[in-house]
Amino acid sequence: MKQKLHILFLFLIISISSFAQVANQPSDLIVCDGDNDGLEMFDLSVLDFEVIGSQNPTGFVITYHETLSDANNQVNALPIPYSNIVPWVQTIYVRLEDSFTGIFDVVSVNLIINPVPYAVQPTSLNLCDEVGDIYDEITVFDLTVKDMEITNGNTDWSVTYYETYDEAQAQTNGITNPTAYSNRSINGQGANPQTLFVVVTDINTGCVDFVTLTLRVLPNPSGIMGSLNAIELCDEQSNGTATFDLTYNEGSINPSGEPYEISYFLNEVDAYNNSTPIINPNNFTNTNNPQTIFVRVETLAGCFAVLDFDIIVNSLPEIYLESSYSFCEGESIIIDTDLATSNFNYSWTFNGASLPNETQSSLMVTQSGNYTVYVSDFNMGCTNVYAFEVLEVSCTDTDSDGVIDSEEDLNNNGNLEDDDTDNDGIPNFLDDDDDGDNVDTNVEINIAVGRSSMHQFVDTDNDLIENYLDDDDDGDNVLTVDEDYNNNDDPTDDDTNNNTIPDYLESAVALGFNEFSKVTFSLFPNPANNEVTIQLANSNIPSVKVNIYNLQGKSILSDFMLSENNPTLNISHLDRGLYFVEIVTKSVSSVQKLIVN
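Mapped onto mature numbering (1 follows the signal peptide of the UniProt record, and there is no 0), the consecutive letters of the sequence shown carry residue numbers -20 to -1, 1 to 577.
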């Protein structure tokens, strides 16, 4: 019996020894250092499960020690939680003891403290509201432009942005499009400023740090600027240009006096790119009329808007007057600007003194002297000034040829006897055919319609010699006297080509008058006032030119090419009166009268 008990006791000892505890090797315990001093608080109890492993946890005692000796001697057990005493990496020892047998096992484990990324708090990210938009305080940000600032250039750190604090702490719902993020809209208005939450992660350790990023949408100046009117000046140089002060509009551009930088450009692209501004906007001469000027208005923060306005050079009223007029003694003369009274203001002066009662477009003159007319446009406000002289002269006409004696003193020496244009021994003031061309002076000056006692200047060939003093009135190098083709001593009734223009006033006849034949055409309407259409009887004529002459034989329109697609002439610029319309094809021509009313 005693032997059996001894065997049983030996079996129990062997069984206990065979199933003694084993301290499994736990993983290193790693934490992130909140203040980067290498010291941190550890919850050592999280290692218990790994140390016990698959063993039955009942009956075991686990203690932690700073040294192997303490662990083996089961002294100086560490508190839980425990703050390491060796910065960054410290080895401690784990004692696993069977509380029934007192048998134990010891393993070591490392406490590792990793530094957090320690991100840099970034400055705010400021963007201007989109140019041209209503200021809704919403724009698109590239958040990643702040990555370098936040990480201070550390490529081992990653940056993720979150809209809320809780999402950043949980690291969920990160912003998926950080390069094109629109700040949040609240009832159609952007959250401005808006705070984003940033998580910076060390990709090697997984430690994170938290900072915030403020987004701000800055206003463009366009929201408070007024509309811009055109700047208009008068064409004082009569060349379509003027010198403008482009800054004249700055009161409308910046009515509140903000510290804007304002610059001016010739085109919109330059204004947006802030390239090649106008150097001296206070003294700018236009290059086109009208011309659009573009204005870049920029805030101190660099936000800008682009506006534009036109500069316009308005023409002065056109005044068609002579520099000198004459009227006969005891008579009067009407000086007429030929402008509409309803469109202009008029004022007149005589010898520098105002004529307060003269406000019409024409002036009756009864005294010789110096006159000035001021014509102002109602709409544009531009004023043109024209000065002229009026002389009262003796209108004696000894030879009754229509040219008064004082005008027949061609050399202006006060002696009428030494003026003899045709050298026939008869002074001009006694000769009714001053140029000896067999056309009476009275006929040659009466080509002009509406002649008064002071005859108009008539010069058919534009050689600056009046017809009544010119022995070749049409400038064809054939003397007028030799264009008497019917030899009746009267050139006025010779019309070789039957176009109603006497040959002595038509240079084309001298080039080959025997070659003329009739080109049949019609004018309609006739009389006309704005346009007249020319219809040829023969539509097979390939090339037709149109010339228009006034009664003085002066060319009004030359070499207008007529075609089936363009058979209409614009005559709105012609004064009222009688004109000659000539159709020319090769050496063939024909003329018809046209009345403009």
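Hints in this document: simulated from the structure, not taken from any laboratory.
Keep in mind that the hints are not guaranteed to be accurate.
Stated by the list, open to error - What follows is a set of in silico ranges between Cβ atoms, one per label pair, in the way DEER data are often shown:
(1) Ser535 <-> Thr256: 31 to 39 Å
(2) Ser348 <-> Ile259: 47 to 55 Å
(3) Glu241 <-> Val120: 44 to 52 Å
(4) Asp288 <-> Gln340: 39 to 47 Å
(5) Phe190 <-> Ile10: 13 to 21 Å
(6) Asp146 <-> Val120: 42 to 50 Å
(7) Phe504 <-> Asn457: 18 to 26 Å
(8) Asn53 <-> Glu129: 51 to 59 Å
(9) Ile259 <-> Asn393: 31 to 39 Å
(10) Glu216 <-> Asp318: 20 to 28 Å
(11) Ile259 <-> Ser312: 19 to 27 Å
Claimed, not checked - EDC-like, lysine to aspartate or glutamate: derived pairs with alpha carbons at most 16 Å apart:
(12) Lys534 <-> Asp441
(13) Lys573 <-> Asp441
(14) Lys534 <-> Asp470
For glycine and all other residues, C-beta sits at the position ideal for the given N, C-alpha and C.
Now for the hints, and whether the structure bears them out:
For Ser535 and Thr256, the hinted distance range of 31 to 39 Å is not satisfied, since their beta carbons lie about 48 Å from each other. For Ser348 paired with Ile259, a C-beta distance near 53 Å keeps the hint of 47 to 55 Å intact. Between Glu241 and Val120 the beta carbons are some 25 Å apart, a value that contradicts the proposed interval 44 to 52 Å. Evaluation of the 39 to 47 Å hint for Asp288 and Gln340 yields a pass: the beta carbon distance comes to about 42 Å.
At roughly 20 Å, the beta carbons of Phe190 and Ile10 sit within the given window of 13 to 21 Å. Distance hint for Asp146 and Val120: a CB-CB separation of about 25 Å, inconsistent with the stated range 42 to 50 Å. Between Phe504 and Asn457 the beta carbons are some 37 Å apart, a value that contradicts the proposed interval 18 to 26 Å. Between Asn53 and Glu129 the Cβ separation comes to about 54 Å, which falls inside the hinted range of 51 to 59 Å.
For Ile259 and Asn393, the Cβ-Cβ distance of about 59 Å falls outside the hinted range of 31 to 39 Å, so the restraint is violated. Under the hint 20 to 28 Å, the C-beta atoms of Glu216 and Asp318, about 22 Å apart, fit the expected range. Between Ile259 and Ser312 the CB atoms are about 57 Å apart, so this pair departs from the stated range of 19 to 27 Å. Restraint check: the Cα-Cα separation between Lys534 and Asp441 comes to about 7 Å, which is no more than 16 Å; the hinted pair holds.
Using a Cα cut-off of 16 Å, the hinted pair Lys573 and Asp441 is violated, with the two alpha carbons roughly 20 Å apart. Simply put, Lys534 and Asp470 have alpha-carbon atoms about 22 Å apart, too far for the 16 Å limit, and the pair is violated.
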